[in-house]
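A.B. asks: Protein chains in written order, with this note's numbering: chain A, 2 to 339; chain B, 2 to 339; chain C, 2 to 339; chain D, 2 to 339.
Please note: incorrect hints may appear among the correct ones.
One copy or any two copies: either way a pair holds, since identical chains are not told apart in the list.
[As the list claims (entries may be wrong)] Result set (DSSO-like, lysine-lysine): computed pairs, CA atoms no more than 30 Å apart in a straight line: (1) 7 to 78; (2) 196 to 149; (3) 120 to 71; (4) 21 to 261; (5) 7 to 21; (6) 7 to 261; (7) 78 to 146; (8) 71 to 149; (9) 90 to 332; (10) 146 to 196; (11) 261 to 146; (12) 149 to 261; (13) 7 to 146; (14) 7 to 156; (15) 196 to 78; (16) 203 to 120.
If you're looking for bench data, these hints aren't it; they were derived computationally from the structure.
For clarity, every value in this text was computed on a predicted model and none was experimentally measured.
4 protein chains.
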Amino acid sequence: MIVVMKESATESQIRNVTQKLNDLGYDVHPDRGVNQTILGVVGDTRSLDSRILEILDGVTEVLRVTEPYKLASRSFKPSDTIIEIQGVKIGGPEVIVIAGPCSVESESQIHEIAVLVRKTGGKILRGGAFKPRTSPYSFQGLGVKGLKMMCEAAKANHLVSISEVMEISQIELMEQYIDIIQVGARNMQNYSLLKELGHIQKPVVLKRGLSARIEEMLMAAEYILSGGNSQVIFCERGIRTFETYTRNTMDISAIPVVKKRSHLPIIADPSHGIGLRDKIIPMARAAVAAGADGLMIEVHNDPDNALSDGAQSLYPEQLEQLIPELRAIAKVIGRTIG
Amino acid sequence: MIVVMKESATESQIRNVTQKLNDLGYDVHPDRGVNQTILGVVGDTRSLDSRILEILDGVTEVLRVTEPYKLASRSFKPSDTIIEIQGVKIGGPEVIVIAGPCSVESESQIHEIAVLVRKTGGKILRGGAFKPRTSPYSFQGLGVKGLKMMCEAAKANHLVSISEVMEISQIELMEQYIDIIQVGARNMQNYSLLKELGHIQKPVVLKRGLSARIEEMLMAAEYILSGGNSQVIFCERGIRTFETYTRNTMDISAIPVVKKRSHLPIIADPSHGIGLRDKIIPMARAAVAAGADGLMIEVHNDPDNALSDGAQSLYPEQLEQLIPELRAIAKVIGRTIG
Amino acid sequence: MIVVMKESATESQIRNVTQKLNDLGYDVHPDRGVNQTILGVVGDTRSLDSRILEILDGVTEVLRVTEPYKLASRSFKPSDTIIEIQGVKIGGPEVIVIAGPCSVESESQIHEIAVLVRKTGGKILRGGAFKPRTSPYSFQGLGVKGLKMMCEAAKANHLVSISEVMEISQIELMEQYIDIIQVGARNMQNYSLLKELGHIQKPVVLKRGLSARIEEMLMAAEYILSGGNSQVIFCERGIRTFETYTRNTMDISAIPVVKKRSHLPIIADPSHGIGLRDKIIPMARAAVAAGADGLMIEVHNDPDNALSDGAQSLYPEQLEQLIPELRAIAKVIGRTIG
Amino acid sequence: MIVVMKESATESQIRNVTQKLNDLGYDVHPDRGVNQTILGVVGDTRSLDSRILEILDGVTEVLRVTEPYKLASRSFKPSDTIIEIQGVKIGGPEVIVIAGPCSVESESQIHEIAVLVRKTGGKILRGGAFKPRTSPYSFQGLGVKGLKMMCEAAKANHLVSISEVMEISQIELMEQYIDIIQVGARNMQNYSLLKELGHIQKPVVLKRGLSARIEEMLMAAEYILSGGNSQVIFCERGIRTFETYTRNTMDISAIPVVKKRSHLPIIADPSHGIGLRDKIIPMARAAVAAGADGLMIEVHNDPDNALSDGAQSLYPEQLEQLIPELRAIAKVIGRTIG
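Please build the complete structure, drawing on both the sequences and the hints.
C.D. replies: Laid out in structure tokens, this is it:
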């Protein structure tokens, strides 16, 4: 951390800031320039609130020189982390396709879709049992029954399963039936939930919050990693901007940025990122072209009658057409799709 | 809800959309204009996902004509809701001052501050026991011990108390010690938590999420209201924008907008909205001038050594100067500060 | 346009709104529902300020049912517009590569780069002569001398040229030396400039403003189109969001959205969208995969010593590697790169 | 400027960055910490593009320690700048009220409004002659005729006048008829226009762009100031956010932030900031309470029939009620309204 003093800062103000830092246990390296003095702060400033210094007389700005996250950063672990679940490897040369319905609706629905996912080359089956809905008047998911259906459909088709957890009390159940636990965008900073997920043995997909900076997503992962669970997969799914023609603005650039800053894998969810079926296909292609380690796509055997998010679910034949295209794009950048 | 057909829409497309709506249980009023046909949808469309229609052939746009929230809306209840806790009325002519530290740190700290709050005219004591922190390496609060200290300090000074709940398992404890339960910005769409708060008998302060539209805040309240708890107080605390000179951008205009759309009270939290002590005072004045029903301000007996958010806590003497100013501004618009 | 009355609206309020609309020359189709009355406004409401109605007593909302733009919309012209300049076709099956330095710096620099662009398969040479810089203390471009250098370098290498216009007085000069006129992001709503460009015979590349909604970009095109110049090419180059790890957030989804709403071509500029060399390559791939009609890329013979934007300019060998990759991706979606 | 090297940076990378900086004419102060090396850059880095360094091997981040603006900054000129026009002082203890219609429509209209403005205590008459409109199909202003009408109405009522300039060619005319030149939000970064305004002798009101950071507004002022015109007045008028219930989000906190960073005055324009008449009054109060040096308010003798922005114009009687309220609020913070 660096404390920049004002040009007009007095000697006594500089001494006061130095004293404050010493009291907090830090060493100070002063650099007295022609125009202004700059104080280098030596020590672990990761949990130091920079505003404590900013508010002191004579200070003009306080700048961080270290990333606030540690375990998630590439400087902590330079090589890519590959997360393996039942032989499926996320973060390696293969781009993993995760597909399935928004919500599990019935045994026959999830089985029919699981067969399709397997056939097209998908490796992981997605499906919601506990649904976060903006309106309390909307369908809220099948709950435990849904988890069991997911579990059976995935096993029967040799697929790995993923589903969303909404609260701490659901974790135990999720662990019993599901292979990968998903944290939704609205819970990205639900710290109580993240802490608990730090103590389980299953991989966690952490979706980027609607207004979360990439740095904050890396910090949220830190809650899980520091608890002992090192299997975190990031997921870009669109951020909130002023644009109104799309539901969210999918930040494709987050993919190369995260790959550079962190050793953990990142996948993309164009279904939620864009929200309308006809835009999902170009965005899926774009995400693979930009280097995503996986794609999470909503598909439904009968989107027109889906109980939730039907408008952003692909038709089965759309998925069957899309995968070979994605495979060809992956090949261009030296990757594969199974 | 209104479905706008393309100018080029065919008769068969119009019939198809009409059929789809009928299947979903809605009546349709077609309005055949010179250029295009518009279909009025009759029935309760509050939980209908408009994208199901948007994706149909021949449709150009789907527009809502009713607000998606109901119990929170002023058309449902035209008169102001006044929430009374031990004689303190929020939403009436008096502007209520809520003050206290970011975190409860010790018995002496919270007592000293409670005395100050009472003396300056504050009616409610704030203080965090469970703290949501961006970094897992930061101070996380005193927990139950903190709640007990809050409870005693408030009672001893004839103040109402407010503190933040972070997860469902804490609700029972909160109910035992605290008068008003606060839902933090990061939990504004933690639907599991909101549902549980719909079943308690205590008022809930619902803070606006960092990237929440006002409409979404009203929808979040709907989760609590529809559970049977009608005592919801909104809190504007700053939204996320591209500006970097302030921590958040406090949306003062949310105050008159919420007052018009909803019958529920709205308070403002300039401490979190702005994040630096020297800007809090002008923003507190602005919030009262714009019609806020209350102000939540962080104050600390020793901000320089606070364990959290010291930089956004006022010094005791600053609070003592501020309140009379706010009282004079309140008077200009026909309100009082106790 | 549709005026939604409040549930509590009185007959006299409905009459008043109807009268106001009649006075403005519109017919009104009332639709009296069970809960509320909706007034359909018949006539060309493109230039009607909806707030005039919104402010009337008894009105709850005013909704547009027609797009505010006309000549730019696909409903006005359903088939793709292909813009041809000296045999180069933008908007057809070929994805056009536009490359060159940020600023023209010298004759040898622009010639050397032009040779490279031609060799790698680029069709259009870019280069700035008049530079919009955030700081008045930065390099402001070579002016007319730069235009002449551009012109010669392009001709000598059988390339089309493009350069940015900053003010009306420069248009005449630009027309003399340059083939395609570019309007920068900061001038997207410089209406005086747009109007003048409506009267020239050269194609205009209109860059999306940093905070422009797609609808506003289409409206800005309307200024040019309605003046008689039908050759407008949109350019996505990143929007402003809260993210701080990238300079802007490139909105890749704008590509399929514009292709659906408008008949005009859209290209992408990943150099400005992302701002750092190492992220440009994945974003260029993503833009082609998402369906862009062209790519504008900054390349420099000596980026480390460029007078402006060196950090976002590719090295020559990077461009030589990138183009074959883009060509392979284009092929996957049935397009070519020359 | 400070260059932060990666923990893994090699000696040769550090030497390379140092060399690059020396080549650019800067001295380097290295600070070798336990974990990483930090290079302090000595010299005027105001026009140095930090990305040139960011892209070098071994560099993790580049931080500015000096503000990029100079003449606008309070460290350059610590005392408040007061701008005086015909005895009206902006930036002193008096809060100046600027009022008038969106557009000048006729002689009688502007005269009638000027009388009202004078009577209520306003000091400056606003009114547009050249109008920037999102749609080319909307009313574009009366042009020169409008300027003349403004000039006469202002003089007849002992008011100072202000009107918006849209392009360089209009400056001469504006100078002839108008006292204060306004640069609209969409032109805040129209550098050609700003440069020209640096050469005139009249005060300039510079409106904040819809997506402009405060820092960029200060930089835009630098274009005018460095040309020799030191009379710049900032104007906060709302920024673009994700909120849809208001037209823009008025950033009231920009007022205290600008007052701290710059010596120049700042006024607020709640009419454009909020866009609907019924919210303007609370926002006007809030702006005065937060310390604005002036208020720009749209008022119309007949808002229901205004040719532009009628919905955001106050009725005459609303202005007459508002001013005494603002005066009372100003008094609370030690200021006056004439």
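A.B. asks: Determine for every hint whether it applies to the structure shown.
C.D. replies: Verification of the hints:
{"no.": "1", "hint": "7 to 78", "result": "between (37 Å within a copy, 13 Å between copies)"}
{"no.": "2", "hint": "196 to 149", "result": "both (25 Å within a copy, 24 Å between copies)"}
{"no.": "3", "hint": "120 to 71", "result": "neither (40 Å within a copy, 45 Å between copies)"}
{"no.": "4", "hint": "21 to 261", "result": "between (35 Å within a copy, 24 Å between copies)"}
{"no.": "5", "hint": "7 to 21", "result": "both (17 Å within a copy, 27 Å between copies)"}
{"no.": "6", "hint": "7 to 261", "result": "between (34 Å within a copy, 13 Å between copies)"}
{"no.": "7", "hint": "78 to 146", "result": "neither (40 Å within a copy, 39 Å between copies)"}
{"no.": "8", "hint": "71 to 149", "result": "neither (37 Å within a copy, 35 Å between copies)"}
{"no.": "9", "hint": "90 to 332", "result": "both (17 Å within a copy, 29 Å between copies)"}
{"no.": "10", "hint": "146 to 196", "result": "both (26 Å within a copy, 21 Å between copies)"}
{"no.": "11", "hint": "261 to 146", "result": "neither (40 Å within a copy, 41 Å between copies)"}
{"no.": "12", "hint": "149 to 261", "result": "neither (38 Å within a copy, 41 Å between copies)"}
{"no.": "13", "hint": "7 to 146", "result": "neither (63 Å within a copy, 42 Å between copies)"}
{"no.": "14", "hint": "7 to 156", "result": "neither (64 Å within a copy, 45 Å between copies)"}
{"no.": "15", "hint": "196 to 78", "result": "within (21 Å within a copy, 41 Å between copies)"}
{"no.": "16", "hint": "203 to 120", "result": "within (26 Å within a copy, 51 Å between copies)"}
Violation of the numbered hints given earlier is confined to hints 3, 7, 8, 11, 12, 13, 14; the remaining hints are satisfied by the structure.
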